[in-house]
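Working from the sequences, and respecting the hints, build out all of it.
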Amino acid sequence: MLYEYLFQPFIEFGFMRRALVASLALAVGGSSIGVFLILRRMSLMGDALAHALLPGAALGFLLGGLSLPAMSLGGFLAGVATALVSGAIARFSNLREDASFAAAYLTALALGVLIVSLRGSAVDLMNILFGAILAVDDAALYLVVSTATLTLVGLAAIYRPLVVECFNPGFLAAMGVRGSLYHYLFLALAVLNMVAGFQALGTLMALGIVLLPAVAASFWAREVWSMTLIAGPMAFASAAVGLLVSFHGGLPSGPVIVLFASLFFVGSLLLGSRSSVRTRLSRPVHLRG
Amino acid sequence: MSAALRLVDLTVSYDRHPAVHHVSAEIPAAEMTAIVGPNGAGKSTLLKALLGLAPHIEGRIECSAKRIAYLPQQAEIDRSFPISVFDTVLLGRWSRFGGFAAAGRADIHDAQHAIESVGLSGFERRPIDTLSVGQFQRVLFARLLLQDADLVLLDEPFAAIDSKTVADLMVVIRRWQAEKRTVVAVLHDLDQVRRDFPNSLLLARELVAAGPTPGVLSAENLLRARAMAEAWDEHADACEAPMRLSA
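Protein sequence lines, in the order shown, are assigned to chains S and C.
Numbering that gives the first Met the number 0 numbers the first residue of the first sequence as 0 and each following residue consecutively.
Numbering that gives the first Met the number 0 numbers the first residue of the second sequence as 0 and each following residue consecutively.
To be clear, the hints were calculated from the coordinates, so they are not data collected in a lab.
Errors might be hidden in some of the hints.
[Said to hold, decoys possible] Cβ pair distances, simulated, as ranges:
id: 1; chain 1: C; residue 1: ARG194; chain 2: S; residue 2: LEU184; range: 46 to 54 Å
id: 2; chain 1: C; residue 1: ASP190; chain 2: S; residue 2: ARG279; range: 38 to 46 Å
id: 3; chain 1: C; residue 1: ARG78; chain 2: S; residue 2: ARG279; range: 14 to 22 Å
id: 4; chain 1: S; residue 1: SER179; chain 2: C; residue 2: TRP231; range: 27 to 35 Å
id: 5; chain 1: S; residue 1: ARG279; chain 2: C; residue 2: ALA166; range: 29 to 37 Å
id: 6; chain 1: S; residue 1: SER225; chain 2: C; residue 2: HIS16; range: 43 to 51 Å
id: 7; chain 1: S; residue 1: ASP97; chain 2: C; residue 2: GLU57; range: 29 to 37 Å
id: 8; chain 1: S; residue 1: LEU62; chain 2: C; residue 2: ARG104; range: 23 to 31 Å
id: 9; chain 1: C; residue 1: ALA2; chain 2: S; residue 2: LEU180; range: 32 to 40 Å
id: 10; chain 1: S; residue 1: PHE91; chain 2: C; residue 2: ARG104; range: 43 to 51 Å
id: 11; chain 1: C; residue 1: ARG59; chain 2: S; residue 2: SER179; range: 23 to 31 Å
No residue lacks a Cβ here, since even glycine has one placed at the ideal position from N, Cα and C.
Given below as structure tokens:
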């Protein structure tokens with residue numbers, strides 16, 4: 000019975016297996032990106048970036064139909080362009096970076112929805128906005144898996160400069176290192192992960208599996224590397240459980256996966272070992288005995 | 000007495016507003032020099048310029064130091080970042096291992112030693128967000144120790160720090176001086192400057208005075224620095240740019 004519930008779907012259906020592998024890859028790569036996004040206080044900018052893929056993907060859709068390479072390439076270019084333009088606007092004007100990201104992504108979202116509606120149906124729009132992890136084909140799988148590989152190798156390579164750039168950028172500058180280089184490398188990896196997540200979860204949901212496990216992990220871990228080690232399994236667990244529940248319950252997979260990730264967040268918020276509700280409410284040590 | 004640093008007609012500006020204005024001065028090598036002056040006098044900006052981090056510089060900085068270590072104000076560091084005391088200190092050896100290579104056994108040994116000498120033994124694995132302001136300043140001093148620099152720049156090293164910690168950190172600073180390193184510190188406590196720093200540089204965007212501390216911190220000079228600070232609000236930029244956009 001339990002066997003049927005937990006394993007049968009994956010044994011019987013190829014699309015469930017592909018979805019599982021895709022979510023494993025997304026979980027591992029995306030959650031480590033998420034850890035750095037929250038450490039750089041860029042959660043909202045991550046959100047903006049994810050939205051900003053839309054017009055690019057939509058343009059790809061307009062030119063190539065529902066083709067993965069066209070939409071992915073379009074999305075990636077749009078994401079990188081948004082990151083560069085909002086960064087530049089923030090630097091050259093006195094507009095705060097979050098405000099310039101918000102302005103860029105609202106423009107992008109409106110433009111994207113408009114472009115899709117030029118040619119596509121409401122179904123296409125839903126697909127692009129919310130993804131379809133059960134429709135992941137081999138091409139999409141390759142994209143997601145190579146993204147995860149590139150992300151892990153890339154983050155490992157730039158780990159130290161990136162960490163120092165997050166917590167003490169002045170020190171890095173004094174050492175003669177250009178922190179902005181690592182900032183932009185990281186942004187490129189982030190955009191790549193949104194593009195990979197976009198096919199599976201859609202532009203609006205892709206960030207869920209990136210950010211929520213990372214936020215949850217911050218209630219447990221004391222260092223950056225342990226945070227990523229905790230966030231990855233949480234992301235994968237929410238994806239695997241979410242897939243099963245959506246399969247058995249006939250529910251849309253993207254939102255269910257993201258909701259399970261939020262369960263991890265709420266659970267960690269309540270029970271985590273660092274500045275969680277539990278540690279705040281427990282009696283201070285010096286009053287015991 | 001040779002100079003570790005020579006400033007020649009140095010002007011540092013942000014957005015056309017000079018923060019340091021036509022300053023010429025010498026900072027003696029292997030001695031302790033304090034930079035004092037009212038808020039907004041350009042003290043931190045001067046340190047940034049010495050590090051090569053200021054946006055726009057006119058004039059010249061001649062620096063004989065090979066390696067410079069810098070203590071930033073604590074506000075420049077994200078103290079909630081999940082990183083351990085040990086890793087923070089070990090970063091002081093960046094010039095040895097850079098962004099990618101592994102730290103050597105000697106570096107790890109020295110980091111341990113630096114943590115002990117600022118009185119933080121046992122704190123190695125503690126995340127920095129559990130430290131008090133004073134403890135965190137000790138961490139940053141340990142990192143400076145590891146940098147093994149011949150010029151040490153300290154930006155308000157004792158702001159919001161209790162007297163016990165100040166005394167402990169002054170021991171570290173005096174040891175640097177004994178090792179023939181040049182120490183330049185931005186300070187606000189004039190009594191401390193008179194007590195501990197033989198040389199001073201009094202800044203109020205422009206140089207008010209520089210040299211042996213008793214002469215620099217005379218009542219007359221301090222009064223002049225304050226008067227200059229009060230004048231800033233009335234006319235903000237001193238040098239008229241050759242061309243200006245009319246409103």
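Here's how the hints hold up against the structure:
A hinted range of 46 to 54 Å for the beta carbons of C:ARG194 and S:LEU184 is consistent with their spacing of about 48 Å. Separated by about 42 Å at the C-beta atoms, C:ASP190 and S:ARG279 satisfy the suggested range of 38 to 46 Å. Evaluation of the 14 to 22 Å hint for C:ARG78 and S:ARG279 yields a pass: the beta carbon distance comes to about 19 Å. Separation of S:SER179 from C:TRP231 is about 32 Å and conforms to the stated range, judged on CB atoms against 27 to 35 Å.
Separation of S:ARG279 from C:ALA166 is about 35 Å and conforms to the stated range, judged on CB atoms against 29 to 37 Å. The hinted range of 43 to 51 Å is satisfied by S:SER225 and C:HIS16, whose Cβ atoms lie roughly 45 Å apart. Separation of S:ASP97 from C:GLU57 is about 34 Å and conforms to the stated range, judged on CB atoms against 29 to 37 Å. At about 58 Å, the CB distance of S:LEU62 to C:ARG104 disagrees with the hint of 23 to 31 Å.
C:ALA2 and S:LEU180 have their C-beta atoms about 35 Å apart, which keeps the hinted 32 to 40 Å range intact. Judged by the Cβ atoms, the range 43 to 51 Å given for S:PHE91 and C:ARG104 holds: they are separated by roughly 47 Å. Here the CB-CB span from C:ARG59 to S:SER179 is close to 27 Å, well matched to the stated 23 to 31 Å.
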